Amino acid sequence: MEETDRRTFLKGTAVAVGAAATQTLDGWTTLATAAAPNPFEAEFGINDRLCGRVLERALAKGGDFADLYFEHTLSNWLILEDGKVNQAYGSVDLGVGIRTVKGDQVGYAFTQELTESAMLRAAATAASIADQSQTPAATAFVPARLASYYPFQKLLSAEPLQAKLPLVQGVNDRCFALSQAIVKVNAWLYDQQKSILIVTSDGRKAQDLQPRNYLSARVVAEKNGRREQAAWNFGGRRDLSFYTPELVERLAKIAVERVSLLFEAVAPPAGEMPVVFGPGLTGILLHEAIGHGMEADFNRKGISTFATMIGRRVAEPSVTIVDDATNPDLSGSLNVDDEGTPGQRTVLVENGILKGYLHDRISARHYRVDPTGNGRRESYQHYPLPRMRNTYMLGGPATPEDVLKGVSRGIYVQDVSNGQVKIGEGDFAFYVSQGRLIEDGKLTAPIKDVNIMGNGPKMLANVVTVANDLALYQGGAGQCGKAGQGVPVGFGLPTCLVKSLTVGGVKQQGA
Amino acid sequence: MSREMLDTCAAALAAAKKAGAKDAKATLAKARFVDIQYRERKPETIKEATTQGLYVEIYVDGRYSAQSTSDLRPAAIEGFIANAVAMTRLLAEDPYRSLPDPRYYQGRSSADLGVFDPAGGALTPEQRHELTRAIEDAALAAGGPKVISVTAGTSDQLYEMATLSTNGFTGETQSTVYSAGGQMTLQDEGDRRPNGYYYVSTRLRRDILDPRTIGQRTAQRARDLLGAKKIPTATLPVIVENQGVGRLLGGLVSAMSGGSIQQKRSFLADQQGRKIASEQLTLIDDPLLLGGLGSAPFDSDGFPARQRTLIERGVLKEFFVDWYYGRKLGWEPTTGRSSNLIIPPGRRSVAEIMKDLGRGIVVTSFLGGNSNSTTGDTSVGILGYLFENGVRTQPIAEMNVADNHLKFWQKLAEVANDPWIYDSWRLPSLVFTDVVVSGV
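Keeping their order, the protein sequence lines are chains C and A. First residue of the first sequence? That's 1392 in our numbering, and the numbers climb one at a time after it. First residue of the second sequence? That's 3 in our numbering, and the numbers climb one at a time after it.
Under the rule of at most 25 angstroms between Cα atoms (straight-line distance), these lysine-lysine pairs were calculated in the PhoX-like manner:
1. A:409 with C:1898
2. C:1898 with A:413
3. A:44 with C:1452
4. A:266 with C:1475
5. A:44 with C:1692
6. C:1849 with C:1796
7. C:1746 with C:1890
8. A:232 with C:1898
9. A:232 with C:1890
10. C:1475 with A:24
11. C:1614 with A:409
Simulated from the structure, these hints should not be mistaken for laboratory data. All values derive from a computational prediction rather than experimental measurement.
Start from the sequences, fold in the hints, and give me the full structure.
Below is the structure:
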């Protein structure tokens, strides 16, 4: 292959400047459809013949299959501090990851140079996981037909800076206007566009263009010498039409209302008690309590607490939990996963019965099922693993008021900032940045900064009431970490009651 | 190699100047690594690559941005930077943004920090496989009949970096990191399958623990989790094991940065010169530590490395203040972030200390939790074991510790003699008294 000149498109600095940069990005802004031209072919001559040669090298020592993952990603941050948008950061990343798979063994190498010689070298490194004779690789590749779960008119990263600066400035100005108590505002707009091409040795290929962006506000307020902070963001796989003045106003209001409430917070209780989850972002509960444990790599190795539970009743019949790539414009939505499997919805728990795991190609072969489209990776620098997308519980028959009514003393979780799980024990935790006490079925004093813990299977069995108000988190900053790789994910939950969890407050009950 | 890297930086600076930038700083970083993992006595993953990236900070018309790219060909760099400069002009002015005054670059130590292995990071493929296999074998041998799965891994990494600024800063570093470790999952009662891990990193290959010890400790850490339960909420002495102390200290250190102080998000902002911890706590940042994983001759502003005492016998002495936030605060800059953080070790071992404490808890790891840098409130899940009169009696899990940092560190009663040397934060086990541990 000829060494194609990358200059024309890499000079596109991460933040687009007016028309000039938009032009250089045009090759990457076509919609992801089977018929769309392959931008890697236009820029680098990455065609079927070349891919066939690299895949053949990746299987030179045998193996079940090999795949190529081409990626070009632009990321931009526009940051406001002390009243002005006076910082910008950007990055351009380009490379190809080459994987050889033999059973559950993986050889992986990547290169940032998209030349035939560099790719053949990387393929030879990946091939070293196997030790037998050449496995044949396809030389022609059928494009996957994919749905479009995040259609856009124009990528946010291709919009001129002048269209984006007022959003960030607006967040600052509205926050200060809404409350005299606000002393600091940080606001930022993050946007990323990721273009990928996946080519597999069994003769398939898929390409996608994945936008990801969010507008974020973090505020500090001061009252009577005390300070509190709160943050919120809106985003997902959006275009500029999402970021309206109304959205800026809503973002500022949420941040300011939340920080104002914190001054009234009382010491959170400690010990086991009923916990009611408000709708939305609180779905992190499911991500930690069941989602990770259902990732099939942990189960194929027998190291998840859920490893022998498929088909068992794990929850009340009102509980159905899914992991879904098909929700419009959410952070975890995917037209295609990073192994070329089309985006789809996977049921984890159906009417209380544990149904199936989240698979990548390796675990799907192990269990002799179809992959579920959960093979994801942070970038071309990593091999894919089973990962979640948007994980949420479907609504139940109750009303939110019914759910609260059942609790005489407990806590209500409104915002959650982070969580963690130990896969094998099933023990999980999440950090409540904001909530309320529940007294006699009513929400009372605010609480904050408290870790809540439980055990996944026990928690599922303890979900006793589910309301009809499922909300999916509309933020864009949700990120999940596993094996050193971060991927964007989404969350959702209807209001629901968990009979008992351990609340890590400071105030002992009865004390 | 390094001449070539500085030349690339110089080309980037020239491109920035040509595009109209007043100042610029260019950093070129290269890395080469090989990671392998074994499971079921065969390689589970082998991963190998070389990466490179150019990071350019641009100062133009009183405005600032920073951009990175992995395309290092001269023509590509020039176009990339011209566009970056044009974009930067559209941002708002920031009067505090500038390269540091060059006199702050002076006084750099030329001492060998012992961070580069003469072997240059390269193990032979045979050596890597042999080392990893040996860890797995030792873990399996020590794991007993309840083993479900063992994964062993090793990694060797080589880093090269060159930095150049338009106002006279030049810096180059070369370093290596070797890592080795294992993790083990065991079958416990019912559906509980506890997972323990043990992992070490060093600058020099000869400092890596022998594979047998790594495997045995992996097994020990997994076995220590068997039968873990919640116990009733109680007020007890708590020993936080060396490997876990960084997690606690992180909540304190994040509030010590100039950025969080200037942005009014630090509960320590008004505490300089005050006693924020018991006299047992002294905290030192030492970028010159021989062989330290955080050692470097200069920081990200280009300031020469220097040892600093941040907390002395409980009194908060210094913050982490970089050039930019120093200008915003009107303070003299120190250094922007920690390098090797050290709590000087005490005299006694954890085993000796346990004998004197009656009934208490040793915390071996954490679950979830967070710390609010604005208020100092923190709440975190703990795992570990209960002891009585020096003897381990019961593993614990799903329990929690919550407090405010300004109160919690006053409860520090003793520092043990066992600093964890396989991390840039070299911290010994710490003993706290009267800690509320919530459970059932």
